[in-house]
Amino acid sequence: MTEKIITKKEVEYIARLAQLEFNEEEKEEFTAQLNSILDYFHKLNELDTENTPPTAYIISMPNLLNEDKVEPSLPQEEVLSNAKYVKKGYFQVPKII
Amino acid sequence: MTLNRLTAHEVINLIKKKKVTAFEVIQDIYNQIDKFDKIIKAFLILNRKEAFQQAKEIDVKVKNGEELPPLAGVAVAVKDILTVKGVETTCGSKILKSFYPPYDATAISRLKEAGAIIIGKTNMDEFAMGSSNENSAFGPTCNPWDLKRVPGGSSGGSAAAVAADEAFAALGTDTGGSVRQPASFCGMVGLKPTYGRVSRYGLIAFASSLDQIGPITKDVTDCALITKIISGHDTMDSTSVNLEVPDYLKSCQEGIEGLKIGVPKEYFIAGVDQEVKDAIDKTLKLFEKLGAKIEEVSLPHTEYSLPTYYLIATAEASSNLARYDGVQYGYRTEDYEDLSSMYKKTRSEGFGNEVKRRIMLGTYALSSGYYDAYYLKAQKVRTLIKEDFDKAFSKHDILITPTSPTPAFRLKEKIDDPLTMYLSDIYTIPINLAGIPAISLNCGYNKNNLPLGLQIIGKPFDEETILRAAYNFEQNSEVERKKPEMNFLQQKSI
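Chains as they are written, first to last, in numbering that gives the first Met the number 0: chain A, 0 to 96; chain B, 0 to 493.
The reader is advised that the hints may include incorrect statements.
Unchecked claim - For each label pair, taking beta carbons as the anchor points, the in silico distance ranges come out as:
1) B/Gln252 to A/Phe90: 52 to 58 Å
2) A/Lys68 to B/Glu477: 55 to 61 Å
3) A/Asp67 to B/Glu477: 46 to 52 Å
4) A/Ser35 to B/Gly85: 42 to 48 Å
5) B/Leu418 to A/Lys83: 34 to 40 Å
6) B/Glu484 to A/Ile4: 44 to 50 Å
7) A/Ser35 to B/Asp334: 54 to 60 Å
8) B/Ser367 to A/Asp47: 23 to 29 Å
I should point out that these hints are in silico values taken from the structure, not numbers from a laboratory.
The model shown is predicted, which means the values in this text are computed figures rather than measured ones.
Virtual Cβ for every residue (Gly too), placed ideally from N, Cα, C.
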């Protein structure tokens, strides 16, 4: 590999977007690994896809919509049962403002 | 008596004929688990109490002469990525530790209705990201054929449990080969159905446009049985398709005279183990003997599958895994000052390295300025890969390839080199990109007695033909049907 595709600074930026944090050593390691993986991914540039449509959904079937009918959902206490911090029927998070 | 060594269909018949009770069956299953699983480590959690309760209920039905559901008494292990109501579901991750789902996945509720008994949750690579089970936050599973080797991944615990006779069958999930590759490494049968065939409701999402649930079984008959039960439309998954589910078992009984088989030449170039290649050659000769017509085909974009897959899968994963923020379920860090540091610390402490690497890759591929160059490009190449298969299937009924380029590799052999690890899925990944069904089954052993896998690929929603081809191979093959010896309890230093 001659030139870096992704710099340590960009790794820090991507980590911020992904809500992750790394120590210096991890940053170095991720930068090196991501560079070698991305370098390999550049193989796709060999292909001319100018006129090729993208595929997002592989099986071409019409959307299946459910009837607009009110049905019972999970009870509130079950929904909250897996949260570590709950207050008065709400999920509790640290103070925002 | 060791009932756990039987197949699901054998045990169903014995219970029906009142030769054995479901209780005895479940007892033998847990005896095997108690004896071997501290070494193999296929299970993360057992569902013992409920399993025995269900077995007793089946035995009452038998006693009263009531009609039994189709899978009555079949002990099934479930990959820890599928929600089972009230049973801890971790996805192999610290971030979901102590998550008790309030509902059953559709595949699970269908199995339960059919009389299957959920015996426990199996180990897996964290969030199904891996090919060796070494990425589990709870330690790796060993391959019952050789404890120094991996069972494959990411459904490694499921495949190891079935191979070790700790379950008659298991459910896995397959995003890039995660049912087929471990089935191959453990000498079992594994099917990835067509995208949309099995509801993904209750399957904790990794890459939503690729994920499918599939069974891992001891033989093709069991695979056909279970696939039939879990398939079909579900209003809880808008991508599940409303098509009739055929009687797979019945179509297995037909021959394969005149079946047109394509063999993609791109799958036999660099990197294939010679013994794998020899086993596939032998397989093809048998298919020819059974009346199939074999021809070489070309899937010219094969070499682009891996980068295409990793861009799409990581992009979708980075979005799906954004939900783990320490608020609604799972792990929350103890040490934070505000909301933002709570998110960051929770995620950084809760996720393992491979998961973080993939979230980073996916976030990068989707980020402003890079979206067209990576994610959109990959989606376009996905179209080309799909077109390769469309073309091959215009002339052929099925395609045959190895499942993986090598038999099971050693623990730690590839863990430090993500790219090399990714390459072990090179034959299974294109199938997920194309959304089509494929089955892996054993087609021999190498000189070290490690199982080798054969992959049969079919047209969209034509699970029938690949199961029929697999069944015909299984019934006529001279490959000995072995079980792992598992004589390691006598050995001391493991």
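Status of each hint after checking the structure:
no.	hint	verdict
1	B/Gln252 to A/Phe90: 52 to 58 Å	holds (54 Å)
2	A/Lys68 to B/Glu477: 55 to 61 Å	holds (57 Å)
3	A/Asp67 to B/Glu477: 46 to 52 Å	violated (58 Å)
4	A/Ser35 to B/Gly85: 42 to 48 Å	holds (44 Å)
5	B/Leu418 to A/Lys83: 34 to 40 Å	holds (37 Å)
6	B/Glu484 to A/Ile4: 44 to 50 Å	holds (48 Å)
7	A/Ser35 to B/Asp334: 54 to 60 Å	violated (33 Å)
8	B/Ser367 to A/Asp47: 23 to 29 Å	holds (25 Å)
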